[in-house]
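A.B. asks: Take the given structure of chain Y and dock chains H, A, F, E and B to it, following the hints.
Number of protein chains: 6
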Amino acid sequence: MEILVVNPNTTASMTARIGAAARDAAAPGTRILAVNPAMGPASIEGYYDEALAVPGLLEEITRREREAARAGTPLAGTVIACFDDVGLDAARCVARGPVVGICEAAMQTASLLGGSFGVVTTLQRSVPALERLAQRYGMAGRCRVRAAEVPVLALEDPTSGALERLRAEIARSLDEDGAESIVLGCAGMADLARALSQEFGVPVVDGVSAAVKLVEGLAALGLRTSKRGGYAHPLPKAYAGMLAGFAPV
Amino acid sequence: MEILVVNPNTTASMTARIGAAARDAAAPGTRILAVNPAMGPASIEGYYDEALAVPGLLEEITRREREAARAGTPLAGTVIACFDDVGLDAARCVARGPVVGICEAAMQTASLLGGSFGVVTTLQRSVPALERLAQRYGMAGRCRVRAAEVPVLALEDPTSGALERLRAEIARSLDEDGAESIVLGCAGMADLARALSQEFGVPVVDGVSAAVKLVEGLAALGLRTSKRGGYAHPLPKAYAGMLAGFAPV
Amino acid sequence: MEILVVNPNTTASMTARIGAAARDAAAPGTRILAVNPAMGPASIEGYYDEALAVPGLLEEITRREREAARAGTPLAGTVIACFDDVGLDAARCVARGPVVGICEAAMQTASLLGGSFGVVTTLQRSVPALERLAQRYGMAGRCRVRAAEVPVLALEDPTSGALERLRAEIARSLDEDGAESIVLGCAGMADLARALSQEFGVPVVDGVSAAVKLVEGLAALGLRTSKRGGYAHPLPKAYAGMLAGFAPV
Amino acid sequence: MEILVVNPNTTASMTARIGAAARDAAAPGTRILAVNPAMGPASIEGYYDEALAVPGLLEEITRREREAARAGTPLAGTVIACFDDVGLDAARCVARGPVVGICEAAMQTASLLGGSFGVVTTLQRSVPALERLAQRYGMAGRCRVRAAEVPVLALEDPTSGALERLRAEIARSLDEDGAESIVLGCAGMADLARALSQEFGVPVVDGVSAAVKLVEGLAALGLRTSKRGGYAHPLPKAYAGMLAGFAPV
Amino acid sequence: MEILVVNPNTTASMTARIGAAARDAAAPGTRILAVNPAMGPASIEGYYDEALAVPGLLEEITRREREAARAGTPLAGTVIACFDDVGLDAARCVARGPVVGICEAAMQTASLLGGSFGVVTTLQRSVPALERLAQRYGMAGRCRVRAAEVPVLALEDPTSGALERLRAEIARSLDEDGAESIVLGCAGMADLARALSQEFGVPVVDGVSAAVKLVEGLAALGLRTSKRGGYAHPLPKAYAGMLAGFAPV
Amino acid sequence: MEILVVNPNTTASMTARIGAAARDAAAPGTRILAVNPAMGPASIEGYYDEALAVPGLLEEITRREREAARAGTPLAGTVIACFDDVGLDAARCVARGPVVGICEAAMQTASLLGGSFGVVTTLQRSVPALERLAQRYGMAGRCRVRAAEVPVLALEDPTSGALERLRAEIARSLDEDGAESIVLGCAGMADLARALSQEFGVPVVDGVSAAVKLVEGLAALGLRTSKRGGYAHPLPKAYAGMLAGFAPV
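Chains as they are written, first to last, in numbering that gives the first Met the number 0: chain Y, 0 to 248; chain H, 0 to 248; chain A, 0 to 248; chain F, 0 to 248; chain E, 0 to 248; chain B, 0 to 248.
To be clear, the hints were calculated from the coordinates, so they are not data collected in a lab.
You can trust all of the hints, since none of them are fake.
Pairs count within a copy or across copies, as identical chains cannot be separated in the list.
Cut-off 20 Å, straight-line C-alpha distance, at most; resulting in silico cross-link-like pairs (SDA-like, lysine to any residue):
hint	residue 1	residue 2
1	Lys226	Val93
2	Lys236	Thr61
3	Lys226	Ala75
4	Lys226	Pro247
5	Lys236	Pro150
6	Lys226	Val248
7	Lys226	Leu195
8	Lys236	Leu122
9	Lys226	Leu122
10	Lys226	Thr61
11	Lys226	Pro73
12	Lys236	Ala41
13	Lys236	Pro247
14	Lys226	Arg95
The following block holds chain Y by itself, in its conformation from the complex:
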């Protein structure tokens, strides 16, 4: 099967690292198609970047699904590889296969491994959005979100001190909050999970890997988004201006 992994920002080096993490996680028969939109923000740090990342994300999903279907190899499902689960609801309305966000994937996975968990993300400005996701996913009583005050793209720079700040916050999560496991709160941290797990002696969950496994599972069971209720296919209607091409048909 082939799984689409969309990094909703436009930074290709980050897409490459996300793709590598996804491939590491994928089962032998799974191919990973890691992409990013041609339009939108270079990184997603807060609600505004989030909102403007969605059109590119949706276009990417629609186009890749159409191409794969034409090629006779329909996509098995989609991973949205931004920890804000950007555009998840809209994507579920239009995608043929199941769609999983890396925040929901990571939180669900952590909830199978211990009673409570800590989420360590990049910037304080992202914390409210993640707390709201935790509430939406029924996890608000089980986790506390902390920020390491590391800009997203600093994770790619070994001289930025980002890893040290991340490790300090993991330590506080375990010691002060009583977390039993850790969730890495940014797609850009995907490659760090294994080493941090060994260092701290607790499960450390990366959402990209977790989401790939969930999509593999859903696809193998033939499960797709319900088209009854909130995720029904969009009604056909006119869209105007620059976004006219997005009009549902």
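C.D. replies: Only chains H, A, F, E and B this time, still in chain Y's reference frame:
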């Protein structure tokens, strides 16, 4: 003061009706600037339409604020006139003045008038999104959302039977759910509140009017969105492609 | 329009300061009638004072509404100017116009300006009552209540050190709790909001001003308390003894 | 030991029936002092009656405690025998011994006997207040409140049809809501519990009896209200007017 | 009446101390039958011990109820004297009389004495189980659970330093968490409540005593577990192997 | 990899059907070891059966893990194939690999496919236990549990009418509760998911398949239960009597 009221869909006739309702509600000294984006969906019915309405909405807010500031008459604040509170978080990050969504405005207002209330919206597919907003606003235990199965634009057509279906659902909300007041769950219903209130003998709250009053209040008190935390101004960064013009500076 | 602002304690100097804050907030066409009961506690610090403040409050509301109606200038609505929202439910049962408490007004207002907020009140003994209000208003997950350990009437004495203790607690709310804005948890702090907002660079919400704006808004829209359900007019019945005059008719 | 049972309304015949139910429930060594205030409403039906019942209730508790202490036989504790738990918080601030409301007593007791329970009260206007109590006591997810539309004092009149309406609502609670036991939602129903339990084959809990047993238990263990925090003794201060006699010393 | 108090671990010295605490709490006419199973763990420290304590507990309840019934002196009810409320649901399915766990008893009792309370238990590994019970009993918003890091059986050894660690954690609960009263989170602490209450000047609740009083109350009122729904008597069926004797008939 | 699937009841025919469903779901490289305990109840219908199923379940897990480890082919993880998630916490304390219950697996899976879902289980007496699991897993606001009143083992008898009753309840879940997908609430329904999904046109989730995929995913990522906190390995101690063999070492 001048308040920007943005209808985030592109249907000008609906913008006109929303503008009229806003003007009806406005205080003597308040001017209403009712606009809609040049790009995006003709109506908002579900998560997909929601997501694609946001860029146009944000562009409209940014542009109108800039124009007003240049003219020396800065906007007092903004109302987002779609009951899904489309783009509310992103708008708060960039707008100078306070931003209020009509769903939050209507729910807050209803909560001041009675113990529990019913929300009557257009289509079943919109119910999950409104239930999630009710949870986010702390109102989930106080309201039940019902759909009249009326397409948004049918509200403009007197022969569509839309009003009858809406009235039937209000009656069920009062009789079966024990609602003490009613919230109209679509900006396109703004002009119906007064007549329905008289007919049913309970407060019927329209979000457009409610939001105009809240923005007037915030502006008069000099209160604006906190720039500490989740609504901090977006960090400057590159945006690519069709959306390059949205890049924060 | 004329708005009744009732300080439910009997300290006239505090009523004067509350009235001044209300007038500062009021729109050009709004008159403020600031009063306090002739009977009851000199300040409200805990559940016992709260309970005994209610009869005086209700008498004041009933009498002022009757007088205004007789004079042909019915009151537009009522603000209860004690942060415990003393007697709010009972007042809604008997008042003709809408009734708003300053705690609910301040919390609603703060929720429009940021994701989470801190409440800073006077005494630790008042904290449980405010936490319960936060739960009732659906705000428990968004705020933390702190006490500055300042007696209510000490706020009137510039030599009491009250302001310093209040400022220290605001600082802790921002730094330790991650609050994005601040709510002043006592009617006696109404005149401090603006200066504290400038000092700390975040919105600081005073409930008296917030409630005046909400009542102005409700009144302008013709919205009054629902008489269906919990706020129905009291059933006529005999009241005995000292309280016989309160019997509903 | 002697337990004070206060019916907070002024109807002596109802006090007599409450006293009888309390005596039925009391242990051999327990004396019941069943009283009602000299001032206040003849029955409690809604928030307004509630609020005006409190001064008489508090006066009764304070006076009876003082008399008993003078007589060298201090009261063991107090039951507030109105299902709205009227004045419970204020009473805890001033009473020497523990204070238990019959709503909290009945809900706690029912929660020991089954997973979910139904509450059947008198009038629809009382339902919102009881739902709020259920939330406060952590029972909102376990119960549903129904009204039999029976005025409180009709329970004393065998020709009123009140019992039939009550039984019909119990049946609906079991059949439609899946209740596993029943709570009688009015002190005036205290004498009906046993017969209804036999008729319906499920536990039927009366709050007066339940509260008497809880106070007996607390008193026997030497447990009293904590004086740390919200229930600290009221601070001494002046009270004005008709309520001057209530001033804490 | 006779109340069965089952210590679900197999340590007879702890059973003796629990029995003594129960007898101290019991009313003059109440006999306490304090027992422990012949099979299962010597102490209960975590989920695994919990699960393996249940068969012995159930056997003890069934056997003691049968013996008492045969002797013509049926048991009035049962206390499960482990703070994890081990086997409570299963016991309610088979016991004739009411069954109360000491955690639910202590939490209910504490909730009658103050607004919030602290729970101090033995080991960190038991904290998640107690937090889950607090959520189940509707008390999650009112308490915080702390561990003194004291093994259960160390409570029997005066040289272990256990008491000092317990007192330190009580102090933190009061000072840092704002607890208004304290719940002792282990049956082995039953004899410490009175002295700790005097030392700290707040109510300190022991679950064994609290549960004895609740069972006395339920029994006196003739209230037993509802047999409608989740606590219906087990359906007759075959049980295999070592546990064949547990098969319901 | 090899996954242990434990049916915690002793009915071998049901184990066979569960094993078949697990094998259908398993990836090419996954072997399924489907077993049931030698001791305990023939079916699990309510809390009592649940509790007595746990020792056999734990023995099976411990023995199978030990055997596999000795054979040099350690188990990848364990599925507990009873919808009550019987013994899940205890199993996590002792198992080497991850452990997943079929209720949590099914609910998590359903939450990825739609906004709300219906759970259809066997008997009304099992509903409270499943509602409590839904609350524990953060899903209480998203699902409603219904019982088809079908005994567990009747699912194996095509003449029992069980399937018809199950289908009727699914229809009610979709029509009356607005469910967007369906969860089958019993391991014995595992083979029905695909056909019911086609019939009703919505995703129908079987927990056995869902749990197999989750364990495959966790194992592939090297994730195991956290040993910090509630799932720490049991402390070594004596166990007495018939259960002596269960003592942790």
